[in-house]
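Q: Since the structure of chain V is provided, determine the placement of chain C with the ligands on it from the hints.
Below, each chain spelled out in residue letters.
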Amino acid sequence: MQGLSRADLAEQVIPSLQEIQERLGYIPREAITWLADKFHLSEQEIYGVASFYSNFRFTPPGKHHLRICLGTACHLQGGDRLLAATSERLGIKPGETTPDGLYSLERVACVGCCALAPNIVLDGEVFSRTTQQSLKQLLDSIDRQDKGAKKSEEGSQ
Amino acid sequence: MTDRGLGKKVRVKTIGCHGFCKQGPVITVEPEGLFYCQVDKKDINEIVQSHLIGGKPVERLFYVEPATGKRISKYKDIPFYKGQTKVVLCNCGEIDPSSIDEYIEKGGYDGLKKALLEMKPEQVIDQVLKSGLRGRGGAGFPTGLKWRFGRGSKSDKKYVVCNADEGNPGTFVDGAILVADPHAVLEGLIVAAYSIGADEGFVYIRHEYPQAIESIKRAIIDSRKKGFLGQDILGSGFSFDVSIKEGAGAFVCGEETSLMASIMGERGTPRPRPPFPTDSGLWGKPTCINNVKTLATIPIILRRGVEWFSSIGTEKSTGTAIFSLTGMVKNTGLVEVPMGTTLRHIIFNVGGGIKDDAKFKAVLTGGPSGGCLPADKLDLPVDYDSLTQAGTIMGSGGMIVMDETTCMVDMARFFLSFTQAESCGKCTPCRMGTLEMLRLLDKIRSGNGEESDIEKLQEIAITVKEGALCGLGQAAPNPVLSTIRYFRDEYEAHIRDKICPAEVCKALIKYTVVPEKCIGCGACLQICPSNAITGKKNEVHVISDELCIKCGACLEVCPPEARAIDKIPAHEGAGH
Ligand SMILES: Cc1cc2nc3c(=O)[nH]c(=O)nc-3n(C[C@H](O)[C@H](O)[C@H](O)COP(=O)(O)O)c2cc1C
Ligand code: FES
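So the sequence lines, in the order shown, correspond to chains V and C.
Residue numbering for the first sequence is 1 to 157, as defined by this note's numbering.
Residue numbering for the second sequence is 1 to 576, as defined by this note's numbering.
So here's chain V without its partners, still in its complex pose:
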């Protein structure tokens, strides 16, 4: 990193954080220390930048990452009611992960498919025109898959 100015280094902070999150799913504590060291900035400075942007999370996500769109079009067509039902079902609030580590729930402000609202994103895949019924079926099927996978794991042991 020699020969690079402070500005050059600072410019790399956000892309580096993005890459870490891309790989690990979150920004662990150690990563902040590591970046501070690498870019000759203080940990406070790195954390200050990271915490400003809502995309960065500091706790590991669940096995399944469920994001419910609360953008305008989705809100208008019941996004918040989908969130309320899901929150109740999973027993967690947006931003939290279930104690068994299976689900994390988040809200997102528009995923760009507003014409097909309401939308939810499960593990990176967008599901459009979601209804309470279709969402329940989706989560039920994932629960079944997970249970099946667990059983066959136990069986093979």
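FYI, nobody ran anything at the bench for these hints, they're computed from the structure.
Just so you know, not all the hints are guaranteed correct.
[What the hints assert, rightly or not] Computed spacing ranges between beta-carbons, pair by pair:
| no. | chain 1 | residue 1 | chain 2 | residue 2 | range |
| --- | --- | --- | --- | --- | --- |
| 1 | C | A421 | V | L102 | 23 to 29 Å |
| 2 | C | G230 | V | G95 | 57 to 63 Å |
| 3 | C | R496 | V | G95 | 33 to 39 Å |
| 4 | V | P15 | C | E450 | 47 to 53 Å |
| 5 | C | I104 | V | K63 | 44 to 50 Å |
[What the hints assert, rightly or not] Below are the SDA-like pairs computed for lysine to any residue, each with C-alpha atoms no more than 25 Å apart in a straight line:
| no. | chain 1 | residue 1 | chain 2 | residue 2 |
| --- | --- | --- | --- | --- |
| 6 | V | K93 | C | N531 |
| 7 | C | K56 | C | I27 |
| 8 | C | K443 | V | Q12 |
Since the model is a prediction, treat every value here as computed from it, not as a measurement.
Just so it is clear, CB atoms sit at the ideal spot from N, CA and C, and this is done for glycine as well.
A: Leaving out everything else, chain C with the ligands in the frame of chain V:
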């Protein structure tokens, strides 16, 4: 295709957004211009067999006009398309966005060649100025003028930036253009750089748009290969290159000074202007920032001429307006119309009217910075000045239609909670003012509002509008002010009668089972996430007010032949 011996006769290509999202997925067959909608995987075989081999189009997949029930075969004849004027979107859904050659075939990069090889930067700026093009990012600042300022700043280094942050929730225009026609945006950006004398550029793009990021990345690589980017472009002596910066989820970063802070790796907080970015921007150097749509318009102006372009639209707002039309309207999708077109035309002709033929209530433009307009404003022409006068803004392309199921107090609260959460906290009016307004709206929504709260809201709104540091705060009160202006009676119903007329605000409604209608099917009981419903099979079910979280799932699944679930005012009838 090749298996069926059609390899030479038929070319299959993927296209970007065709615009009529509601009817997706779509397939078009050219040159006939036939349009198949809501196509399933199973249907592909039939299209190939019957249409491509047998020459007989598959009529059952044609678009059905809801009003007449008639099937329409060509997309040019469908009202949704007929009512539009595709100028900037002319390539969207027509060309394969991953093929630079297809873009060039359609006249792409001709504008760039003309600018670089035949015109001086000042001449390009003159043309853009004459075209009357105004920034499509929201503020409507004349693009030529901005470029002139950029040109005029003396510096050894200058930058251009394409603003593709599109943080406005409920808008997808910029993302769709980048996916469907990335080279148009890139060409515009290169011309901008040439005009002001920049040798480096950025595309600042929203992280939530992975497809758009891929698309523009690829376009940059292909464009470099063809020599439209890099050293000594087209032998003109002008050099320029672009890199991509992904946003990280902060709405305020769409604001230009915050955006620059974010590119430089800082917290994305705005700073006062002046100095304007064209004087002192990225790393203190002159920087010219333009929206995706603004840049995508540039190649067309150069290619087809200033006279042609400025003949579209109105005198003060030339060209076209592009909207993502969503909400309670029949035809949702990407829409382009000449500036000055009425809201009525967009919503009722292009949009096909309100879903389920319900009653129109309001239309919102400009997202959290805009306002809601009522039915008697439907004949308002859509241009920068008319919309501002009516209490909203053109904004960056979101148009959201609402019907009687939308509560205007809830809508105002929705936007305010958004801006409040996105407020960067740097200036007090925005940080405290939005929070205070949010509290008042919550108070009204929960049925505890007082008469004086409406005036209080207005007072704080004015203070925030006047005192906030950046556009986020200055515009944050707009949804509140416009809903009070046009829908005051709804606020009063919440405050005086403790009623939410649209039956949205949770504290003011409750769900009940109408005993005479309930068929005891158990559908509601099964879906209820909070176990609030009890009742034996074939017997009347009951909802417990204490346990109900008002998610509405029961209402959704109650069979249409029963319709036994009702939403009623919370204080009506004794609780169970
Ligand atoms: C809170 C806020 C958010 C904004 N978001 C965007 C945006 O997402 N995209 C955009 O092009 N302009 C946005 N703008 C406007 C930009 O500051 C700037 O005016 C625009 O990018 C200039 O481009 P134009 O002249 O081509 O319109 C936003 C402004 C504010 C105050
Ligand atoms: S509002 Fe949900 S996808 Fe845009």
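Q: State for each hint whether it applies.
A: Here is how each hint holds up against the structure:
Distance hint for A421 of chain C and L102 of chain V: a CB-CB separation of about 27 Å, consistent with the stated range 23 to 29 Å. For the pair G230 of chain C and G95 of chain V, the beta carbons lie near 44 Å from each other, so the given range of 57 to 63 Å is not met. Taking 33 to 39 Å as the suggested C-beta distance range, the pair R496 of chain C and G95 of chain V conforms, at roughly 37 Å. Checked against the given bound of 47 to 53 Å, the beta carbons of P15 of chain V and E450 of chain C, roughly 50 Å apart, stay inside it.
In this structure the supplied range 44 to 50 Å holds for I104 of chain C paired with K63 of chain V, their Cβ-Cβ distance being about 46 Å. The hinted pair formed by K93 of chain V and N531 of chain C meets the criterion: a straight-line CA distance of about 18 Å does not exceed 25 Å. Proposed proximity of K56 of chain C and I27 of chain C is supported: the alpha carbons are some 16 Å apart, at most 25 Å. At roughly 44 Å between alpha-carbon atoms, K443 of chain C and Q12 of chain V are farther apart than 25 Å, so this suggested pair is violated.
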